[in-house]
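K.L.:
Please build the complete structure, drawing on both the sequences and the hints.
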Amino acid sequence: MATAVQTVERENYLNANYGIKSWLLTTDHKRIAILYLISITAMFWIGGFFAMMIRLELLTPAGDLVSSDTYNKLFTMHGIIMVFFFLIPSVPAVLGNFLIPLMVGAKDLAFPRVNLLSWYLYIIGGITALVAMITGGVDTGWTFYTPFSTTYSNTHVIGAALGIFITGFSSILTGLNFIITIHRMRAPGLTWRRLPLFCWSNYAAAIIMILGTPVVAVTLLLVALERAFHIGVFNPQLGGDPLLFQHLFWFYSHPAVYIMILPGMGVISEIIACFSRKRVFGYEFVALASIAIAVLGFLVWAHHMFVAGISVYAALVFSLLSYLVAIPSAVKIFNWTATLFKGSISYNTPMLYAFGFMGLFTVGGLTGVFLASLGVDVHVTDTYFVVAHFHYVMVGGMVMAYMAGLHFWWPKMTGRMYPEAWAKLSALLVFVGFNTTFFPQFLLGYMGSPRRYHAYPPEFQVLNVLSTAGASILAVGYVLPMIYFVWSLRYGEPAGPNPWNAVGLEWMTPSPPPTFNFDETPVVTWEAYDYEHQPQEEVTVGH
Amino acid sequence: MATSEIQVAEHSLQHHFADMAQQKETSTFGMWMFLLTEIMFFGGLFCAYLVYRASYYHAFVEGSQKMNIWLGATNTAVLICSSLSMALGVRAAQMAKPKLMIVLMLITIMFGLGFLGIKAVEYHEHWVNHEFPGPNFHFETGDPAHPATDPQHTEIYFSLYWAMTGLHALHMVIGVGLVTWIVIAGYLGAFSPEYYSPVENVGLYWHFVDLVWIYLFPLLYLISKKHGG
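Chains as they are written, first to last, in the numbering used here: chain A, 1 to 543; chain B, 1001 to 1229.
Worth double-checking, as some hints may not be accurate.
To give a feel for the contact side, a few chain A residues facing chain B, derived at Cβ under 7 angstroms [unchecked claim]:
#: 1; residue: Lys107
#: 2; residue: Asp108
#: 3; residue: Ile172
#: 4; residue: Leu176
#: 5; residue: Ile210
#: 6; residue: Leu211
#: 7; residue: Pro214
#: 8; residue: Gly232
#: 9; residue: Leu238
#: 10; residue: Leu243
#: 11; residue: Leu244
#: 12; residue: Leu248
Don't read these hints as lab results, they were simulated from the structure. Yeah, the Cβ is synthetic: ideal placement off N, Cα and C, and Gly gets one too.
P.N.:
Spelled out as structure tokens, the structure:
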């Protein structure tokens, strides 16, 4: 496979120049993607550490490892870190940053300096939040509900809120850059109907980023002002309305869960097409389903507030609208399944993760339909059922998709293959570990075990022990890729420009790509996922 | 003349664009999208205003009567004039009249600083009258015999007043800074009819901030002239 004579490695974005300054002042979207990769990985491990502490505390029914105050801080910081500093930037800021210019045949994103600014804002916001956590922590839950957050909590709410506020602008700038790039920077011939679905779904997520994030930013600013100056906008003692906070918060934070899943769906579309050697079935519908999810996602926020005292009629309407989101989501799942039908399927690691995504996201999505119905929601509100539901979507969905994407494009990003056998093992561990962790939580929630307590009745112990054991397996599943990805940088098999024999502009340039991505601007004359006209070669490396 | 303009244009073309037209379209589109996020940013506050004005209408009327309508109206006129000089300045940049552009931008800066000065006078009045939310807040309802409204609800009016006009004033400060940058860059000869996107984009930003005030003025100052609504 490898050419007999290793010629001098050609210049690419990694070896074009060296030194810390060439990274910290880079405007190259690929280098910024790598900066994001390193920073969100660090955040993932910090958030994961908090999760492990939570699971260790829940090993026994008594609250014996940490005090209830500490426990409140642990789940709050786990939520804040994972939502705002890992999941939201994960696929967009790492894979999207790296791939969108390559996929549309551009030399860079539309605003390269703005892109670098977004990384710095992320870092400043992240450090602000971490300082708040190290110097005492936050205990409000990641949702910052008032009046607890504004009046009663004695923890570092202002610091954490400001950290999220700042990071919000990083997310806004990333979204802005994606939208403009996809509109204005496409290569000649690359029409909207030829655009890869990864771009479509990141475009949809970017719409949510630019429309929703400013609202949560100003809301958290008001929380900080209320704590600092007692301005009383959300404080019922001063005539303010805490429900207004919940409306404003969820106006962003519900659509934000689609920021956390849409880009993942884009990854899955790419991988399923490649490893079934087929065009994605119903391409147009999958593309438009992304937009539909983004639009409908803005109309369902109050389903987080069914028991908060909103009117029954409002609840009915929001319940109905929430059901509607299931339609475009199901369109995607069915179309991926139809893509697999009669495809030449190969079971490489990205595909294994993609299968995991399809199954787990379906479970998470269907339990979402349970929760959208008023009666069931009232029964399981604030129980582990809700916790299990959103972890099936967030971890079973988005983290699986992120891992799938990392494995799929790792050869493109680094020029090296990861070790396939180890990767398959890690995919298996993640799948088994994940289900062992979170499926018992559905049962716990159904039986009425409330979330956010550090102690529980002894009859729930078996399920909690199972969950903690699963979390340990999951942790091993995540540590393994850390090790072999780093290992592959030096010892991995050279990947060549197109190890998966995939279509798409990003595979038509060397791995790693040169600084300006393409030697000459490509001209596109074919539709996306044109596997029918591709010579039928087996995937040749990585076995 | 012509060659030097082409050189300016080539110099201003960033590496990742095919030509100047694409670069200009992209940056203008980016600015409009950014302004969209700004609308959403202010939108959260406008939404809060809407909710509380509907709930505590009379308290809001009482609060609004503490506003100095003449200063507010003067400021509105000042901002409208500044938008005119800004629009003419952008036109001058487009017509390759750099000196005229610099003069018009300096006039815009003057209007902007005038607005902030008048706003500072108003803020000072509110401050000494204890019309700043928090522990020192103090408010007498208009008719002590019929205390129709709760001072706490008027405090919410003032919270929103300070938050909304404060955020707007912050945007004005940033705007003045941006126009100053345009003046310096224009003085150094950075712009030409082929490349004046920064001027145009700063112009768009300025008009947006102006427009926010056009909404803030009636909502905060002109709720009702009648006492207690």
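K.L.:
Evaluate each hint against the coordinates.
P.N.:
Hints and how they fare:
The beta carbon of Lys107 of chain A comes within 4 angstroms of a beta carbon in chain B, closer than 7 angstroms, and the hint placing it at the interface holds. The interface hint given for Asp108 of chain A is met, as the beta carbon of that residue sits about 4 angstroms from the closest beta carbon of chain B, less than 7 angstroms. For the restraint placing Ile172 of chain A at the interface with chain B, the shortest Cβ-Cβ distance is roughly 5 angstroms, inside the 7 angstroms limit, so the hint holds. Taking 7 angstroms as the C-beta contact cut-off toward chain B, the hint placing Leu176 of chain A at the interface holds, the least distance being around 5 angstroms.
Because the smallest distance between the Cβ of Ile210 of chain A and any Cβ of chain B comes to about 5 angstroms, under 7 angstroms, the interface hint for this residue holds. Look at Leu211 of chain A: its Cβ gets to within about 6 angstroms of chain B, closer than 7 angstroms, so that hint holds up. Because the closest C-beta pair between Pro214 of chain A and chain B is about 4 angstroms apart, less than 7 angstroms, the hint holds. Taking 7 angstroms as the C-beta contact cut-off toward chain B, the hint placing Gly232 of chain A at the interface holds, the least distance being around 6 angstroms.
This hint holds: Leu238 of chain A has a C-beta 5 angstroms from the nearest C-beta of chain B, less than the 7 angstroms allowed. Given hint, Leu243 of chain A at the interface with chain B, is violated; its Cβ is 9 angstroms from that chain's nearest Cβ, farther than 7 angstroms. The interface hint given for Leu244 of chain A holds, since its Cβ lies 6 angstroms from the closest Cβ of chain B, which is under the 7 angstroms cut-off. Residue-level restraint check for Leu248 of chain A holds (minimum Cβ-Cβ distance to chain B is 6 angstroms; threshold 7 angstroms).
Checked against the numbered hints given earlier, this structure breaks only hint 10.
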